[in-house]
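Number of protein chains: 2
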Amino acid sequence: MEHLTISDDSSGLADVPGFALAGVACDIRGQGTDRLDLAVVFSASPCTAAGVFTRNVVKAAPVTLCRELLERTSDFHGIIANSGNANACVGSQGMTDAKTMAKLVEQGLGVPTGSMFVCSTGRIGRPLPMDRVEAGIKKAVACVESTPEQSERAADAILTSDTRRKTITVRFRHEHNVFTVAGMAKGAGMIEPNMATMLAFVATDLAAPSSLLQGVLDQSVPGSYNAITVDGDMSTNDTVLVLANGKSGVRLEKPSGGLYLKFCQAVRAVNNSLAEKIVSDGEKITKVVELIITGALTDEDAGKVARSIGNSLLVKSSWYGEDPNWGRLASSAGAAGATFDPDKLNLSYGDIPVLVNGVRQEENAARWKEIVRRGRFTVRIDLQAGDGEFRLLATDLTEGYVNFNRSE
Amino acid sequence: MEHLTISDDSSGLADVPGFALAGVACDIRGQGTDRLDLAVVFSASPCTAAGVFTRNVVKAAPVTLCRELLERTSDFHGIIANSGNANACVGSQGMTDAKTMAKLVEQGLGVPTGSMFVCSTGRIGRPLPMDRVEAGIKKAVACVESTPEQSERAADAILTSDTRRKTITVRFRHEHNVFTVAGMAKGAGMIEPNMATMLAFVATDLAAPSSLLQGVLDQSVPGSYNAITVDGDMSTNDTVLVLANGKSGVRLEKPSGGLYLKFCQAVRAVNNSLAEKIVSDGEKITKVVELIITGALTDEDAGKVARSIGNSLLVKSSWYGEDPNWGRLASSAGAAGATFDPDKLNLSYGDIPVLVNGVRQEENAARWKEIVRRGRFTVRIDLQAGDGEFRLLATDLTEGYVNFNRSE
Chain A
1 MEHLTISDDS
11 SGLADVPGFA
21 LAGVACDIRG
31 QGTDRLDLAV
41 VFSASPCTAA
51 GVFTRNVVKA
61 APVTLCRELL
71 ERTSDFHGII
81 ANSGNANACV
91 GSQGMTDAKT
101 MAKLVEQGLG
111 VPTGSMFVCS
121 TGRIGRPLPM
131 DRVEAGIKKA
141 VACVESTPEQ
151 SERAADAILT
161 SDTRRKTITV
171 RFRHEHNVFT
181 VAGMAKGAGM
191 IEPNMATMLA
201 FVATDLAAPS
211 SLLQGVLDQS
221 VPGSYNAITV
231 DGDMSTNDTV
241 LVLANGKSGV
251 RLEKPSGGLY
261 LKFCQAVRAV
271 NNSLAEKIVS
281 DGEKITKVVE
291 LIITGALTDE
301 DAGKVARSIG
311 NSLLVKSSWY
321 GEDPNWGRLA
331 SSAGAAGATF
341 DPDKLNLSYG
351 DIPVLVNGVR
361 QEENAARWKE
371 IVRRGRFTVR
381 IDLQAGDGEF
391 RLLATDLTEG
401 YVNFNRSE
Chain B
1 MEHLTISDDS
11 SGLADVPGFA
21 LAGVACDIRG
31 QGTDRLDLAV
41 VFSASPCTAA
51 GVFTRNVVKA
61 APVTLCRELL
71 ERTSDFHGII
81 ANSGNANACV
91 GSQGMTDAKT
101 MAKLVEQGLG
111 VPTGSMFVCS
121 TGRIGRPLPM
131 DRVEAGIKKA
141 VACVESTPEQ
151 SERAADAILT
161 SDTRRKTITV
171 RFRHEHNVFT
181 VAGMAKGAGM
191 IEPNMATMLA
201 FVATDLAAPS
211 SLLQGVLDQS
221 VPGSYNAITV
231 DGDMSTNDTV
241 LVLANGKSGV
251 RLEKPSGGLY
261 LKFCQAVRAV
271 NNSLAEKIVS
281 DGEKITKVVE
291 LIITGALTDE
301 DAGKVARSIG
311 NSLLVKSSWY
321 GEDPNWGRLA
331 SSAGAAGATF
341 DPDKLNLSYG
351 DIPVLVNGVR
361 QEENAARWKE
371 IVRRGRFTVR
381 IDLQAGDGEF
391 RLLATDLTEG
401 YVNFNRSE
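These protein sequence lines map, in sequence, to chains A and B.
The letter at position 252 of the first sequence is residue 252 when you use my numbering, and the numbering goes up by one with no holes.
The letter at position 198 of the second sequence is residue 198 when you use my numbering, and the numbering goes up by one with no holes.
Isolated chain A, as found in the complex (with noise of 0.2 angstroms):
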């Protein structure tokens, strides 16, 4: 992929031509403080759009809407995001708010109906305070800019749990073009397989048709946002949208050729890294651990042993204690519900077994020591039943984590 730059030092959706934004503070959270809690994604340029959104039943309004709007109509001008409030579990209150904030943000922006997605993330099953709502995007709309610090602000802006923001952006040429995808997100708790308390937005300058915008992104979920998992809660409010601005004045028009598959790499590389950074930034975790399972009956097979060992309490605590502890991992590989033979078991922690053909190697105890201790390391799983295979990024479970969630 050296045709991608991809570039961390990241301001985020602003680096991508025509692309706006802004974040600022309204108080969501009620408690007196000018943390900022509102973010406004623009684009004067109309964009088409995808999304991938929460499987949980128990879904938040503003998902329930931007599914709508993905259904209805194409030219997209954007998204209004609120951190502090889920807008989840209150009823019918809640479309009637998601519709809201919409509304004003359109207005304000002088924008078509149903153009605005609306996001939120929080505490659920509490009204949003809909009074400082209004005035927080009164005061957003004044400040939409294409600039960096205002970029980063709604970067921060969309922020919880997280200790740090999130943002990426990656360049590729094409012919004499140079176009842009990038990213931000935000993620720490209630992070898990299919889709994570996450919410992800990415903007590029190349102009796609919907269809295709989506086959893209849909091509890119399996491998990053559904691949990491923190506590292995499914969220009410997870979602996902791409924006396409058109701004480079270049159409892509068929998923094929050079171009499609550039684009998919780069979306690819935006959702990897911005799952990276979900799972790095983990509540209260001290470890990253890279789940490499092999050799599976299918594919299913290798990402149900890889979430079965991602959320262990009793292999999630082992890894907190740097403990090699391989039997917590075998034993939970074999409750995991996939066909395997134990005495075929291939495991090791980084490059150095610890079974081989479900026998120990004893005498590599003192370096599987020196790997857990790592900050991040790699676990491999070969159950040599098949060609099946699956990467999971998890985390360990700390004392912090539990202390953190026993109240909000």
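There may be inaccurate statements among the hints.
To be verified - The following label-pair restraints were derived from C-beta to C-beta distances: (1) E145(A) / N403(B): 23 to 31 angstroms; (2) R374(A) / E300(B): 53 to 61 angstroms; (3) T298(B) / S256(A): 41 to 49 angstroms; (4) D8(A) / D351(B): 47 to 55 angstroms; (5) T286(A) / T33(B): 43 to 51 angstroms; (6) G337(B) / R164(A): 53 to 61 angstroms; (7) T5(A) / E362(B): 50 to 58 angstroms; (8) E134(B) / R164(A): 54 to 62 angstroms; (9) E362(A) / N403(B): 43 to 51 angstroms; (10) C264(A) / A365(B): 27 to 35 angstroms; (11) T298(B) / Q384(A): 44 to 52 angstroms.
As the list claims (entries may be wrong) - Quick list of in silico lysine-lysine cross-link-like pairs, DSS-like style, CA-CA up to 27 angstroms: (12) K99(B) / K139(B); (13) K138(A) / K99(A); (14) K99(B) / K138(B); (15) K138(B) / K344(A); (16) K344(B) / K99(A); (17) K344(A) / K369(A).
Unchecked claim - Covered by chain B, according to a simulated footprint, are these stretches of chain A (three or more residues, beta-carbon under 8 angstroms): (18) 55-68; (19) 88-98; (20) 123-135; (21) 320-327; (22) 355-368; (23) 393-399.
Derived by calculation from the structure, the hints in this document are not laboratory data.
Built from N, CA and C at the ideal position, the CB exists for glycine as well.
Go by the hints and put chain B onto chain A.
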């Protein structure tokens, strides 16, 4: 069930006529302590037996051996069990050692080959210290007796991170006879649906064919051992064994009639009690929460919702914090993969409504808080989608659990 006498003041299996026990210390953990770690259960009269085992693909050798024994023969004389080492994931050495344990105790007690079950629990992945195990078996054989003292020592010897002994005795009268069913168990970590890291041994003085005994055991497991969760981890060693020695002189021939029904109730009462003792003594827990899910499309859906909630780290952390965070409960219910309409969800803490048809009953908030402060409370969820139901006993998740399981 007024004809059952349930006695928590039980010394365990010696309460059943014809059963003798021993509990000895042989330092299986290699820590130089005199902690009890080897137990013998013995009946001079031959027994029929039934068993239920872990569904983990990675099974400890003793589990495989017990399953083979149950298929082969019916004249059993008891169980040899150790704590401190699971005899799991040690390759072919595991079966060799399990068979040696059986042979040593059979020779010592003068009973036929293949008449003693073998169970192990403890750390995975280390070979048993067979020299010390052999010494322990010799010591145990010499002190097997039908006394409360040895019965309690045996119940203590199978404990690992448990903080207390788990025994129960149930007596019931039928016509002119009094029958006894008694049990002992260990639990504590790796406790979850589909059997916990648990051993449970149940004995009775009824006589019954193995197949009938198996049926009675099978009907009691879904509502007892498979309806508890501490940490969602399925162990390599889970085993429940029932032994029937016929000392009462009464033989149950058919799965019908008054005696059969009373026996079923007695076995259920023993297993429910042991399961409850296991979950109540979960590692470092502070609360037991009874989740009663009703109105699901199917019982399976109800079970999914109960387990999704009972294994959610966020839910369990909030219970620890005594925070009535029903939003996390609703979100976990929605993530379970069960079919229901969130706008029909009824949820209550104890008898205090939280959601009625999906609408918050905010005026009750102070009373929710009172309930979640209790050491044991009930959460009721009615999905209003059908007649399916499931009851799960779950626990909170504490910083103590994580710290305790950092290393072994």
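Against the structure, the hints come out as follows:
no., hint, verdict
1, E145(A) / N403(B): 23 to 31 angstroms, "violated (49 angstroms)"
2, R374(A) / E300(B): 53 to 61 angstroms, "violated (42 angstroms)"
3, T298(B) / S256(A): 41 to 49 angstroms, "holds (45 angstroms)"
4, D8(A) / D351(B): 47 to 55 angstroms, "holds (54 angstroms)"
5, T286(A) / T33(B): 43 to 51 angstroms, "violated (32 angstroms)"
6, G337(B) / R164(A): 53 to 61 angstroms, "violated (33 angstroms)"
7, T5(A) / E362(B): 50 to 58 angstroms, "holds (52 angstroms)"
8, E134(B) / R164(A): 54 to 62 angstroms, "holds (58 angstroms)"
9, E362(A) / N403(B): 43 to 51 angstroms, "violated (27 angstroms)"
10, C264(A) / A365(B): 27 to 35 angstroms, "violated (49 angstroms)"
11, T298(B) / Q384(A): 44 to 52 angstroms, "violated (36 angstroms)"
12, K99(B) / K139(B), "holds (18 angstroms)"
13, K138(A) / K99(A), "holds (16 angstroms)"
14, K99(B) / K138(B), "holds (16 angstroms)"
15, K138(B) / K344(A), "violated (36 angstroms)"
16, K344(B) / K99(A), "holds (23 angstroms)"
17, K344(A) / K369(A), "holds (23 angstroms)"
18, 55-68, "holds (count 5)"
19, 88-98, "holds (count 4)"
20, 123-135, "holds (count 3)"
21, 320-327, "holds (count 7)"
22, 355-368, "holds (count 4)"
23, 393-399, "holds (count 3)"
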